[in-house]
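Protein sequence lines, in the order shown, are assigned to chains Y and Z. Start counting the first sequence at 0; every next residue gets the next number (numbering that gives the first Met the number 0). Start counting the second sequence at 0; every next residue gets the next number (numbering that gives the first Met the number 0).
Since the hints were derived computationally from the structure, they do not count as laboratory data. For glycine and all other residues, C-beta sits at the position ideal for the given N, C-alpha and C. There may be inaccurate statements among the hints.
As the list claims (entries may be wrong) - If we take Cβ atoms under 10 Å as the criterion, some of the chain Z residues that face chain Y in the derived model are:
{"no.": "1", "residue": "Asp94"}
{"no.": "2", "residue": "Arg127"}
{"no.": "3", "residue": "Ser285"}
{"no.": "4", "residue": "Trp290"}
{"no.": "5", "residue": "Asp294"}
{"no.": "6", "residue": "Ala295"}
{"no.": "7", "residue": "Arg296"}
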Amino acid sequence: MRTRDIFVSVVMRVRDAAGAIGPALERVAGVMEAHFAYYEIIIVDDCSADASVAEIAAVQARARNIQLYALARRRGDNIALTAGLDHAIGDMIVTLDPLLDPPALIPHLVERALDGVDIVYALPRARLESRGVGNRAVRGFVAALSRLINVDAPQAMSSYRLLNRTVLNYMLEAVDRHRSLMFLPALSGYPYATLEYDRLAGAAGGASTGERLAKAVDLLFSTSARPLRIITLMSLGISVLSLCYALYSVLIYVVRDDVARGWTSLSLQISGLFFLVCIILAVMSEYLLQVLEATTHHPRYHIASQRHSTTMDIARPRNVIATSGAADAFPARSPHDAAAGQPVLQQAIGDGGEVKRAGLDQAKL
Amino acid sequence: MAEPDALVIGGGFYGCCLAIHLRRRFGRVLLVEEADGLLTRASRVNQARLHNGYHYPRSFLTAARSRSNLEVFRRRFPGGVFDDFRHLYAIARADSKVGHRHFERFAAAIGARLEAAGPADRRLFAPRLVEAVYEVVEPAFDVAALRRLLVGRMAESGVEVRTSMRVVRLGAAGAGVAVGFADGTGLRAGWVFNCTYAALNRVVPEAVELRPRLVHQLAEVALITAPPALRRLGITVMDGPFFSAMPFPSEGLHSLTHVRYTPHMSWPEASAPARDPNAVLHPLPSSRFAWMMRDARRYVPALEGAVHVRSLFDIKTLVDGTQGDDARPILFHRDATAPRLVSILGSKLDNIFDVLDTVDETLERA
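Produce the entire structure from the sequences given, and follow the hints as far as they go.
See the structure below:
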């Protein structure tokens, strides 16, 4: 089987899941042990208050290749998962939620990746088909954000996915990778495939609405600078309007003689100040954009692959000096002759026949 | 077999050095080794690192002692020291127990040379994971050269050596110690020095609860052909769950070891006192090279080109309670039932000189 030589890292996070995490981890370990010769299971504990860690330690005593990283403070799903990804050593990295996602899919994800894609998203069938508010909201958000930042991502994607090391290396470059974790593979631009699956029966609902909203806001502002651009444009728009209002005030002052005392100066004062404030805002938001770009370290570009021209040799120049056009200007047939002062440098040319042809071409011109 | 004044069990580095040392005092010194050659076990299966202090930034005393031991070692075994490579120490950015400032201050405090690595060397490391790289002076030892040296010296000084001799019984006999071998023969020795490392407690006569409390570890040293960029380099990443890739001079290869993956399993001897620790070597576990290389290449991308040649496995034995720190004291234990049976558990090769003085004191007082 092809999958046996691939080193697979499984990365997952856990928080307050005593009672469920033990059996879940056993399931993952069982699948990995059965299908892969080289693997590791990384589990990050997001500072559980219950017996989750003890339960994981109990599984570690029985099953091989499980590493537990326990965070000192509760930092949320995305940071916990980022900590796991930072420590993964595999050629392919699978992230999943041990309580929601069936590990039996892992070998299939790896098989798909071996067909030559760098990312494989597992799409929960419920999210793909459901007309429920939550699932529609997720799909709608992914679609809208994809359009906004101009990337290609499946609408029903979940955290269950496979990345190969190239994609992970791209993600690890970003300083704020925990904010944009869900979209970073898509931002990398590498080709992906999808697989559908059913979530585990009786699984709890995953993140709460509040958590999802917070993640959505994080995603929107970390993957895209569009909101800031909109501020710039709005500021510019308002400053133009202020200017127009100032001109209007002056015009009214000139053409009408029933203007109330103080109206013109007050109007000019307000419109002038708004103009100034909006220009300042616009300039500052543009600088902020640049600061943001410099500090988040999102790679500007990422080269997916390189190919060299297979004939990238030194081009063989026709080292020929055309003289009068007479054929006898090119008598040299060997380097020795050339060295004897003839105008043809034989060594720059493949064979004598070519010299002749080159000479004739030149001669025709 | 005539009765020796002193019998040394175990032909590792400690056993051989001790036998030569004892020959100054005793007329007949016999060394027996279970395997068919000398220095084939724990003396060979390790990183071949001659510590020069850098490894112990959290234990000033251990570091200072390593440095003085290395000097003595160089004087006593000049041919066994392999210097023909440059050694780089890197400090990991995350998960390291020391930062680069601490490391610099520490090196200055113990008087060890530490130079910031040049740009070419620094480029070998991933800057995201490594915060500083230094060039240090820390050699390796050549176990084959040491073996030749010791065999020569034992012959010169008149130590008798018997290989393929397994001790199966020890017991008090008058003032001395009675020794029984697996082939049915036996002898009586004035003193017996037990230098069998992992098998230290295997045949001693004293009660289980009086024996030194040991913890065993099954350890793997992967031997690799280093990629060209690392051929004449040793690399050690500090200070935590990291790795080292450094020349393994006796084979002309590099050793790759990893704090997380080199120990395959670990168990306190008390959990199975009757079991021979060496039994875990049969059959050998499968190699963890795949794990070691994949983690190591994150820090040093060139290591992806390392070719795994084979792995050496052996038992690493520690005194219980010392796993957490780096102090690695040498165990010196006199048997409760046979006081002229002394068990010595070494740790690092270059620590040998500390124990010879203790042996002298013991013999003088007896």
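Against the structure, the hints come out as follows:
{"no.": "1", "hint": "Asp94", "verdict": "holds (8 Å)"}
{"no.": "2", "hint": "Arg127", "verdict": "holds (7 Å)"}
{"no.": "3", "hint": "Ser285", "verdict": "holds (8 Å)"}
{"no.": "4", "hint": "Trp290", "verdict": "holds (7 Å)"}
{"no.": "5", "hint": "Asp294", "verdict": "holds (4 Å)"}
{"no.": "6", "hint": "Ala295", "verdict": "holds (9 Å)"}
{"no.": "7", "hint": "Arg296", "verdict": "holds (8 Å)"}
Of the hints listed earlier, there is not a single one the structure fails to meet.
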